[in-house]
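Starting from the known structure of chain A, arrange chains B, C, D and E with the ligands on it as the hints suggest.
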Amino acid sequence: MATLTASRSRFFRYASPATFYPLAGRLWPWFAAVAAVLALAGLAIGLLIAPTDATQGDSYRIIFIHVPAAWMSMFIYLVMAFYAVLTFVFQTRLSAMMMRALAPTGAMFTFIALWTGALWGKPTWGAWWVWDARLTSELILLFLYLGFMALQSAIDDTRRADRAGALVALVGVVNVPIIYFSVKWWNTLHQGASVSLTRAPSMAREMLIGMLLMALACWMYSIAVALVRVRALIVERERDAAWLREAGEA
Amino acid sequence: MLTDLLPAPNLLSATGLACRRGERRLFKGVAFSAPAGSLVLVGGRNGSGKTSLLRILVGLSSAVAGSVAWCGRPVATDPLAWAAQLFYLGHASALKDDLDAAENLELACSLAAEPCSRDARLAALARLGVAHRAGLPARLLSQGQRRRVALARLALTHRPLWVLDEPFVGLDAIAMAELGQLIETHLMRSGIVVLTTHQAVDLVVSRRIVVDLDAASLEAPA
Amino acid sequence: MLTDLLPAPNLLSATGLACRRGERRLFKGVAFSAPAGSLVLVGGRNGSGKTSLLRILVGLSSAVAGSVAWCGRPVATDPLAWAAQLFYLGHASALKDDLDAAENLELACSLAAEPCSRDARLAALARLGVAHRAGLPARLLSQGQRRRVALARLALTHRPLWVLDEPFVGLDAIAMAELGQLIETHLMRSGIVVLTTHQAVDLVVSRRIVVDLDAASLEAPA
Amino acid sequence: MNALVAIMRFELLLAWRRKSALATTLGFFVIVASLFPLGLGADPQLLRLIGSGVVWVAALLATLLGLARLFAADHEDGTLEQLRLSCVPLPLAALAKIGAHWLVTAVPLCLAAPILGLQYGLSASAIGVLVASLVLGTPVLCLLGAMGAALTLGLRAGGVLVPVLVLPLEVPVLIMGAGSVEAHMNGLGAGPWLSLLAALLIVFVLATPWVVAFALRISSE
Amino acid sequence: MNALVAIMRFELLLAWRRKSALATTLGFFVIVASLFPLGLGADPQLLRLIGSGVVWVAALLATLLGLARLFAADHEDGTLEQLRLSCVPLPLAALAKIGAHWLVTAVPLCLAAPILGLQYGLSASAIGVLVASLVLGTPVLCLLGAMGAALTLGLRAGGVLVPVLVLPLEVPVLIMGAGSVEAHMNGLGAGPWLSLLAALLIVFVLATPWVVAFALRISSE
Ligand code: HEM
Ligand SMILES: Nc1ncnc2c1ncn2[C@@H]1O[C@H](COP(=O)(O)OP(=O)(O)OP(=O)(O)O)[C@@H](O)[C@H]1O
Ligand SMILES: Nc1ncnc2c1ncn2[C@@H]1O[C@H](COP(=O)(O)OP(=O)(O)OP(=O)(O)O)[C@@H](O)[C@H]1O
Ligand SMILES: [Mg+2]
Ligand SMILES: [Mg+2]
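Chains as they are written, first to last, in my numbering: chain A, 35 to 284; chain B, -2 to 219; chain C, -2 to 219; chain D, 7 to 227; chain E, 7 to 227.
Hints were generated in silico from the structure; no laboratory data involved. Being a predicted model, the structure only gives us computed values, none of them experimental. Cβ coordinates follow ideal geometry from the N, Cα and C atoms, glycine included. Warning: the hint list may mix true and false statements.
Said to hold, decoys possible - Across the chosen pairs, the derived CB separations fall in these ranges:
{"#": "1", "chain 1": "A", "residue 1": "LEU74", "chain 2": "B", "residue 2": "SER64", "range": "57 to 65 Å"}
{"#": "2", "chain 1": "C", "residue 1": "PRO32", "chain 2": "E", "residue 2": "PRO95", "range": "25 to 33 Å"}
{"#": "3", "chain 1": "C", "residue 1": "ALA81", "chain 2": "B", "residue 2": "ALA78", "range": "55 to 63 Å"}
Next comes chain A alone, as it looks inside the complex (with noise of 0.2 Å):
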């Protein structure tokens, strides 16, 4: 009982806006320095070392970007709403300000995807764009996003919006599971999942790394943006606080 509430006290103190400003101001430099360090190896197996496709050509590669940005954009939604019931439950303000610094980086992510899907989809389909499940559902998750920031921009005040926007986080979260599972349900033109983590991979080794290395990247610069935008909205937040006004940051 005592460890349980000591840990909990030490959960809460990391989640008040005074420890975690200077924590983040600290770790985004590193979380940004180790996304370069990994883009620049993934990029350079993916386009250097990784072999010329035998149906695609090169047109291929743009999967080192396709694929981690897909991932992300799912990804970040699910950290969102996982922020949302952290919001909901605790009441941590942190919580909703990194739900909020996330959802930008989760929107270009989506659409790095369209973008990169629809390059790919006219040379290997013959069109930009098809009306598939996937691709559609991944459209609506762009949308979802969209709709989460459009809502809190209109929100002025910041306790309404951090509530308002946990619950559509909460509520739009169902979709996610749809985008994953839509080549499964749906027979579609879209590829089926060729990483998992039961069966081997389908893939040739160093594609699979570079992927790999690309997802960690953009993994970890996500990370850093974010702590970079939760460390503005303290600031925009806070900036009556004494705390900060010590900092000498207002």
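Frame of chain A, contents of chains B, C, D and E with the ligands only:
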């Protein structure tokens, strides 16, 4: 009458109430204790937080600190039961523009689960001097007439606590006198009235409690 | 100052004004003549037609009979020129919820083609005691603060005629005194003010004209 | 209980007072559905193909139209405060309002759908499926729309924001609704789709009122 | 003149404050255009056929969305009274408001239309014609919508009534707009349709502001 209205001696008390709106802290440490029959006058400059305080009292918004108690029990534990003890009238009159005065009164009564006969409603409207406009859609009423229709609820409700946010605004002298009388009667029957007003109104009241928000303010006066 | 404000002696006069709203005739035969420097107090019960009369005066609605004249010329002949002579403030404050106080004032001034500097606007807001809220969206202001922002226009306008519909509503004592002073100064500079109010306000005024709509009413009192 | 009936009754009374608003959702539905033959030209083959989809999209947009301001008037005139202080639990009150709204807007729409189906050359049995899918689907649309309306309450941009918030969430309903008619026309049987819609409806009726009430409290704090 | 500029400037400022509202018309446009393939199934042949029609219907509905309450806020908060008493002739003031509204809602829509065109598999030149027809047609839609908004001002059912009032009047614009793209795709040349649209635009810009001003005066008497 007195006894069936009030089975136990009523008491409205607040302790250490503090309020923030957005990033701004409005007041803190607001406390009072109002026994049955007392008039609580909430005073303060424009923007000092009177409306905010009243909304906290009735449970429409939440305070950052402090609590409100009714007959000794904190009200936050059972909001529905608390709402059933009080009548609140805010800056907005809660009239539906497309309903006429009588219908509006009926809607308000049934929302509060205080059903009343058509005659009672017309009598209440007559008391506030708008019986001759009972059939006109609220949209067409004048500013003061709208307010009178909203106040006609006071002649019908049996709730022990009235929370009124500037009820005298826009009323002419006759209506003000009528409203003053309603309040006085309610106090005499051991009701409690919480009131804000910028106008000088003289009410004959046995016990008057003044809550001055300027004193509890956290800002330098403008 | 006095001369450049008023090239010719102003005179607001009304003759035989009658008004109907829907099927109901509110008043008839309202007439008065207000020379420069006079305060026209429009009195009457709630719903007697004060707001309707003011809207007729400024040209927002039309009377069923009678006419309004300014310096002897009927105003109906050139509504645009007439609008340029007056400042009107109705029950609604004409604030944009999404603009802050300073921007709202700027919008109001430029609509009236009375441009003014940012400093002047801030000074006007300060005079009405809302300078410390100049940057807050109007939506967040309290009832009285909204009214104060709307009234800050009075400190900036150069129009000879002010038509104010219950300007004292919702103001606290300090703001009421400030508004009273604004009105007195305007009258001293030979302006004209048409006013309705249910509150007792004491203004030091050399010439006061009372228009009692209850007397001109076409209905039996309620 | 009494108060709940009163809410519903006055909601219907108000709707009746503004009869034009009723006619309007219906009008909008019919007009949008009729725009397509105008924009596309009148090839009957083509029309039969797009019929069920167009009717469903039109229904979706029409229900959205009135919903955006479902709670706005109550919020502006102070009725919402009284509702929150009334003796009815807020979720039930919200459900009563949504129910009344469904009655006055969606039911006429379900009744008008067969006519539109005829215009697009759908067969009688396909029209039956279309109406059934609308009857099951429109309440879900109303519930989702009410959620959006509650969340955006009092925001100046509120009314405009609702569609963007809500439309993505309504897509599954649209797919199921239009899918049921298509499945029927392809001889696959609309049964599974319709039962899916029914299940969705039950879940939503049970869950949404709480979400709406919660959103209303957030918005009118 | 100065006041006219001020009206326009503040209208744009207000729009900027509610950025979400801007994004929303655009979002609505894109979402509605994306709903159809969901309702209709994804046959590319079929989609190419209905592409221009769908984009035009979506544009029409999207412009309508924000317009319904173009004057409502001004009416409720008293700004309209001040506008009537200002030194700007009311028709010009109305035109300034409508112009600002067009700038912030319809222009983004014209810019986004090519992407939708691509999604529906339209050719590059067809997309060019589509955008041209939207640039000429959307101002007419805005003017018509403003007329509807002014006429229904102050009626409680106002916002909902506008579409029904206005949609029938907008049908010719829709036919011309979608028709121009279709004519182009059939190799007939879009020229005549586009010039017709341009002519319509000129007539409307000259005439509508007076009608709007008149309607505003009636509604706010
Ligand atoms: C705009 C169009 C497209 C969208 C929205 C899209 C969306 C997605 C999404 C959401 C994923 C991740 C799901 C998962 O991991 O199972 C994904 C993965 C993938 N996509 Fe796409 N895609 C598009 C076009 C394409 C095209 C044209 C191709 C190639 C022909 C392609 C090939 C792949 C591959 C190979 C994967 C990885 C699947 C795996 O290994 O799990 N995508 N796409
Ligand atoms: N989000 C916000 N940020 C900063 N200040 C705010 C915010 N919301 C409200 N306020 C301020 O809080 C106060 C609200 O006060 P309230 O409405 O309770 O005043 P009041 O005492 O009822 O005034 P009045 O006499 O004018 O009715 C105002 O001063 C307002 O400017
Ligand atoms: N269509 C209508 N039919 C009948 N009566 C109407 C109609 N429209 C307005 N009225 C009546 O006309 C009067 C309008 O009065 P007005 O708003 O001018 O009053 P006022 O003197 O300003 O009152 P207050 O002091 O309450 O502001 C009201 O009595 C109202 O009931
Ligand atoms: Mg107040
Ligand atoms: Mg009045």
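Outcome of the hint check:
1. A:LEU74 to B:SER64: 57 to 65 Å: holds, 58 Å
2. C:PRO32 to E:PRO95: 25 to 33 Å: holds, 31 Å
3. C:ALA81 to B:ALA78: 55 to 63 Å: holds, 59 Å
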